[in-house]
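From first to last, the protein sequence lines are chains A and B.
The first sequence begins at 2 in my numbering and counts up by one.
The second sequence begins at 70 in my numbering and counts up by one.
Calculated from the structure, these hints are not laboratory results.
From the three backbone atoms N, C-alpha and C, an ideal C-beta is built for every residue, glycine too.
Be aware that one or more of the hints could be misleading.
[Stated by the list, open to error] Here are the simulated lysine-lysine pairs, DSSO-like style, with alpha carbons at most 27 Å apart: (1) A:LYS15 to B:LYS263; (2) B:LYS150 to A:LYS146; (3) B:LYS176 to A:LYS71; (4) A:LYS146 to B:LYS264; (5) B:LYS150 to A:LYS15; (6) B:LYS150 to B:LYS96.
[Claimed, not checked] Computed far set for chain B versus chain A, every beta-carbon distance over 12 Å: (7) PRO204; (8) ALA298; (9) LYS312; (10) GLU317; (11) MET359; (12) SER360; (13) PHE460.
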Amino acid sequence: MSISNGLNLALARKVIKAMIRFSIDNEMLPGSYAVTDSGGHVVAMERRPIALPATVDLAIDKAWTASVMKISAKVLDQVITKGQYGRLNVKYHGRMTLIYGAVPLIINGEVVGGIGHSGESIDGDEKIAQAGLAGVYREDELDAKVEEGLEIARNIAENVISYVNSNKFKPVAITINDRDGWPILIYRMDNTPFGFVEISRSRAWTASAFKMDSHDAIKYVGSINECPNGEESNERFNTTQGGIFIDHNILSSIGIAGNTPEIDYKIAVNSIKSI
Amino acid sequence: MNQFVDTDIAIIGAGIAGTSIARELSKYDLSVIVIERKNGIGLEGTATNHHLVCQGGDSLTFRPGTLHAELNIKSIPLWPKLAEDLNFKFRRIGGLWLIRDNVDFNKFQKMYSRAFKSSLDPKSPYLIPEGSFIPLKFIDRKELKDLEPEISDEFIGALYDPNLATVDPPEVAKAYAENAKANGVNFLFNTEIKKINKVLDKFELISDKISIRSKVVINAAGIEADKIAELVKARDFSYVPFKGTIVELDDELGEKIKHEVLVLPRGSSHMQVIAPTVDNKLLAGIHLEMSYRSNREVKDYAVKHAINVSKKFFPKIQFEKHITRSFTGFMAMTNPDTGWHDFVIGMPDLVPYWINIVLGPAGVSASPYLGKKVVELLHKFGINLVEKKNFSNVRKEVES
C-alpha cells in the first residue's frame, strides 16, 4: 500500500477526520479544520457546529500559509522571521497567518498542500494540525462521533458527489452553511477548478442571508450594487443559480458551483431530498 | 473465559523501551508484567537501526531543553557500566563528522557551543561527569587520513567524537529483559492487546487469551504506540512513521573502516552515514521516507542511496560486492514537518496512571536513562516506590 494519489478530497477528508478524532479524544475546544492544495486553495474544510464562526477563515488562512510558504507557521515564526513577521503580514491583506496550527502536508518528501486548525490555543492548534499530518500516514481511518449538523452536512455532500458522478456532470465545489451564514463544510471534488470554491461559498451565503435561493435574491434586493460584498468578513453576494435555502434547525443553505448555474441549481436541489 | 492477572505495572512492548523500563522498575518492590505481541524481544524498531549509542556527537544536534537531548546526554556516562553489568558487547568506534568546507565547519562550531552549554559547562543542566566523556575535537585532513586512510580527499577535516560506541540493540534489550526477569519481572509473549477497559482504579488490558489488570500502564509499543494509546483515548501525541533503509556490508570491509563516518545532508533529508557494528560489519545509508508502517519493502533506490553515500566517503572501495543484506525499519518522528523531533514520555492530562513512551531516533542510545525518567514521573504522580533490598544489577543467564 502506498500514498500514490497525492492530495485529493478523500485524503483531505481523512486528514480532517484524524484532527477531529484527536481533538475529541483529548477534549480540546472545537474548531475548524482545513486542508488546502499546493496553491493554497481549499480542498476541504469542516467546522464543528459548536465552534466559533470566525475559525473558518482562520483555519483556511493557516492552511493557505503552510501551502504557499511550504513550511509550518511555527518555523516561520521561530526560525525564518524570528518574531519579525509584521512585514510578511502586511502582504496579502493579512492573510499570511504566522500562528501555530499551520502545517505543510507532505507526501513523498514534497509539500503538496497545507493543514490548518483554529479554535484552540496556539499549542492546541499546533497539536491538532500535527495530528492531521500524522493522519495522512495512517492506513486505518480515524473517525469520531461528531455533532449532528456536521454529520448531516457530510451526508448532503456525499449525496452531491454521487449525484454528480452518476450524472457525469462536471465536478463541483460544495459549501454548506449554518443558520448564521457561516460554513460548516466546504468540499472541492477532485478536478474542480479552484475558482468555484469561492463561487459556491458566495451562493450559499446569499441563500443563508436572504433565506431564499440565491437567484431569487436579486428580485428582492433590486440591484446587485445595493449589497455590500466584503468577502473578508464573510459577506459575499452572488445571485446566480446554485445556492439554495434550506429550512433546517442547524443548517440554512447549500452552495454548489462547477457547472452552468442551471445544473448547479439542479444538483443542489437534489442533494437535500433525503434530509 | 479469559484468565485474569493482576499487577501493579504493565508495560506494553518488549523492545528497547519496554525492557529498559522493566529493568529499572525491577529495582523496586512492585509486580511488573511486560506484554509483547511477538514471540521475542526487540524484534521491531530495536532490531532495525544504526546501532549507535553514546551519541555525544549526535547529541550536538538535539535541541537543548528536549527530552531527546536530556536522555541521550544523561545516558552517555551510564553505558560502559551497564555493558559490564549486563554483559553485552559494547564497542567504542568513534565518530567522524566530515567537513567539506566552511559551511560544515561553521555549523559544527555552532552545534559544539550549543552542546557545551547544555552538557559540558559546569553550570549546564545535564552535566556529564568528568572522566566519562572525552571532549570532541576538530581534526585536520592529515589526522583524518590517519584514522581512516581510504577516506575521500574531498574532506578537509572532521569533528571527531571519540566516545561514540556501537552495540547490538536486540542483545541489549535481551540483557535488560533477562536482568529484569531475574529480579522478578514477568514476561508474556504472543499477547496482543486488543481492547482496554477502565475498571475502577485499574486498566484492564484484554488480549485473546488473557486479561491483565494493572494500576499503571506504560505504553512502550514503539511504532504502534499511537494505536495502543487510542484504545483508551490516551493519544495526546502524534507522529509519522519514517521508513529507513539500511544496507549491511560484510566484515571484510569492516576491517578497513573502523569509525562511524557521517556528513550532513544538503538538499536532501536522507542520512549519509556508515557505521561499524559490534561484529565488525558495517551499516550504511540511511534512506528515510515518510510512509505507511506496513510498507516494509526494500526499494532499489534506497539501496542505491546507501551505496552512493559509501562511495562518496570511500571512492576506491567496491561496495556492491560486499552487501550482505538490506533491511527496512520504522522510527516514529514527532513534528516531522520541522524535524524538531522529541521523545514522548508522559502522562496524558485526561488519563492518569497511563504513561506514553515514544522514542524514535536515538532511542536505543537514550535507553539507560529512560527507566530513571519513568521512575521520576511515577514519583511525581505520587506513586510510592520502595527499593528492593535484594536487587541484583548483574545479568545472569536465565532460561527464557
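Verification of the supplied hints:
Note on A:LYS15 and B:LYS263: the hinted pairing holds, with a Cα-Cα distance of about 23 Å set against a maximum of 27 Å. A hinted pair counts as satisfied when its Cα atoms are at most 27 Å apart, and B:LYS150 with A:LYS146 does not qualify at roughly 52 Å. For the hint pairing B:LYS176 with A:LYS71, the CA-to-CA distance comes to about 24 Å; that is within 27 Å, so the pair holds. Distance hint between A:LYS146 and B:LYS264 is fulfilled; the C-alpha atoms sit about 19 Å from each other, no more than 27 Å.
With a C-alpha separation of about 48 Å, the suggested pairing of B:LYS150 with A:LYS15 is violated against the 27 Å cut-off. With a C-alpha separation of about 17 Å, the suggested pairing of B:LYS150 with B:LYS96 holds against the 27 Å cut-off. In this structure B:PRO204 is separated from chain A by more than 12 Å, as the shortest Cβ-Cβ distance comes to about 29 Å. For B:ALA298, the condition that its CB be more than 12 Å from all CB atoms of chain A is violated, with the nearest at approximately 9 Å.
Against the 12 Å criterion, B:LYS312 falls within the reach of chain A, whose nearest CB is about 10 Å from its own CB. For B:GLU317, the non-interface assignment is confirmed: its Cβ lies about 25 Å from the closest Cβ of chain A, beyond the 12 Å cut-off. Taking the minimum C-beta to C-beta distance to chain A, about 6 Å, the non-interface status of B:MET359 is violated against the 12 Å cut. Consistency note on B:SER360: stated as away from chain A, yet its beta-carbon is not over 12 Å from all of that chain's, at 7 Å minimum.
Taking the minimum C-beta to C-beta distance to chain A, about 38 Å, the non-interface status of B:PHE460 holds against the 12 Å cut.
Checked against the numbered hints given earlier, this structure breaks hints 2, 5, 8, 9, 11, 12; the rest are met.
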